[in-house]
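K.L.:
Based on these hints, arrange chain A on the given structure of chain Z.
Protein chains: 2
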Amino acid sequence: MRRSTGGGEFPAAGSGFREEEPLPATGSEFNLIGEFLRGIPRSRLPDIRVGAGDDCAVVAGDGIVLGTDLCVEDVHFRRSWLTGEEIGYRAAAAALSDLAAMAARPIGVLASLGVAARDADTLAAEVMRGVRAAVEAFGGQLLGGDLTRSPGPLILDLVGVGESGTPVLRTGATPGDEIWVTGALGGAGAAVSAWMAGGQPEPDARNAFANPVPRIREALWLASRGLPRAMLDLSDGIGGDLGHLATMSNVAVVLDAQAIPVHAAARQTDDPLGFALNGGEDYELCFAARPGDTELFHEEFVKTFHLPLTRVGRVEAGRGVYIILPDGGRKELNGMGFQHFGDEG
Amino acid sequence: MRRSTGGGEFPAAGSGFREEEPLPATGSEFNLIGEFLRGIPRSRLPDIRVGAGDDCAVVAGDGIVLGTDLCVEDVHFRRSWLTGEEIGYRAAAAALSDLAAMAARPIGVLASLGVAARDADTLAAEVMRGVRAAVEAFGGQLLGGDLTRSPGPLILDLVGVGESGTPVLRTGATPGDEIWVTGALGGAGAAVSAWMAGGQPEPDARNAFANPVPRIREALWLASRGLPRAMLDLSDGIGGDLGHLATMSNVAVVLDAQAIPVHAAARQTDDPLGFALNGGEDYELCFAARPGDTELFHEEFVKTFHLPLTRVGRVEAGRGVYIILPDGGRKELNGMGFQHFGDEG
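Sequences listed follow chains Z and A, in order.
Taking my numbering, the leading residue of the first sequence gets 21, the next gets one more, and so forth.
Taking my numbering, the leading residue of the second sequence gets 21, the next gets one more, and so forth.
Isolated chain Z, as found in the complex (with noise of 0.2 Å):
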């Protein structure tokens, strides 16, 4: 914890500040990060295994797997559609979400939280029953963490910490490979949809955004059937998403709109494909996999979870994500992902 720079809150930062040397502007947050990652190497030290880039970190023979994921207060939800432990609780199960996109068994989590004086006794404490509650549920610990001050939104950022001896990257999709899903997408788009017209969201979508699952045992057990050789989990959405896995692999990724598995909350919206590819924040996990070799599992995997997995395309040599559309036209996705900045402007 550090000391913050005065008692009361601040008035609102003037205009001092210097733009000494401005980079070109880049339009979009993916330009942006690969601004900041551009001439780190890949491995310049001997303990790091996965460097930035990637869903998470690896550092060590062993295999400590770190993410970190920032939830803000009125970009990620509003207060007035969560409790204080679904705040926390949300926020951890995407860290969490990450290490699963690894196939990361976690340890625990590492909790930094900013809340406004007003909150500091009841909000910061139910969120953060929520995050142990998530953390606890898939087996890890709070590691730790840092509190301060925020003068207004709810700030949580939560590092998700694991370990995994083979991490699954996103760079091993190869032409010929199966894309699977699990689950059902577009329930929390359905959800934030509903709340952002003013209205509330129906019982299934609202859970779907309140309360995902991060797919961990779902992870390790594909993983230990040695079945992904590439994956993520899908945050943004499937076709955002899968353009990183896409770039990374140097590989196209091309889907079958009709296999998508829409959640039954987007089905009942105007628009329920279009939830299921850019919804956003559904956390399921996306992997591609040798032709062939998942079929054998799926039924066990079903048995399993109860829970959907589904082929919704295939890799191919190129670059870039489309989708074959029910009239049988092929459509690039490129730009259908959502982007943190790109619609302001």
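Hints listed in this document are in silico derivations from the structure and should not be mistaken for laboratory results.
Glycine included, every Cβ here is placed at the ideal spot set by N, Cα and C.
All clues given are correct.
Part of the chain Z face toward chain A, derived, beta carbon under 10 Å:
#1 ILE84
#2 ALA131
#3 PRO173
P.N.:
For chain A alone, coordinates are given in the frame of chain Z:
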């Protein structure tokens, strides 16, 4: 990266938050943290060697050391005080300082950044340049992170990742030990004070605030000689910070006011000792060592690092932190350390 819930800036959240199970008000951040951590077993899993409660968490046989440090605009800094690179450098230095407090060698940091859309291209990149500069200056690298939109304040959560086979904890101080501190205290506090009064700090005060040096090399040097039995970094002010060490070690600490090394910039204020004790953000090391041991290495330390190393007090049986004033009086320092929420009612 997760999807945000909408493209535009949200209005401020309303009062729809439900306080379902309010905890009893606790009144200070330290109590609040205790509330979070209560009941967490210290080593429930075999690969957690140090869990919640110290500067960092240590996991796995190799001793991977993890710490997190949340930095929020208008709480920890104002934008008008610092350049973007300084904001990033400073936040990373604070995270690295947590590693130094454990005598851990830095492996790298994960950086979570929340910025308003207007800052996404220029400020965010400058901040990340500063983060990288700090990390790479101490032999680590940027391991990854998260970027999201903020509804206003710049948000920066830095996770320090390091390695130590024998981390130095806060628990080893023993009655009879000496208390030592590196560097001089109160410079950063003097800078903040000047800014808050509407002026500009002296260059050396500004530098103490903007470019703190995490004492990584010094910590490794001291630890390799077996000197620190318990150690922490001074982030909230030596009065408050030593309270943590005293509590964790079940001892009392008695400081000698006349021995405290006061930063030149603090000496020019109307309360030099106050700034040195409570100014905060000095990021110097403070440790307990067996009587006589450190004196043997004192000259070599000063020669090697061109940095003062000062014996400032001793460990006694009992509890609490006390100071012997120049007039010989003994005063308890409880409550003199900064508390993030304590002065806002």
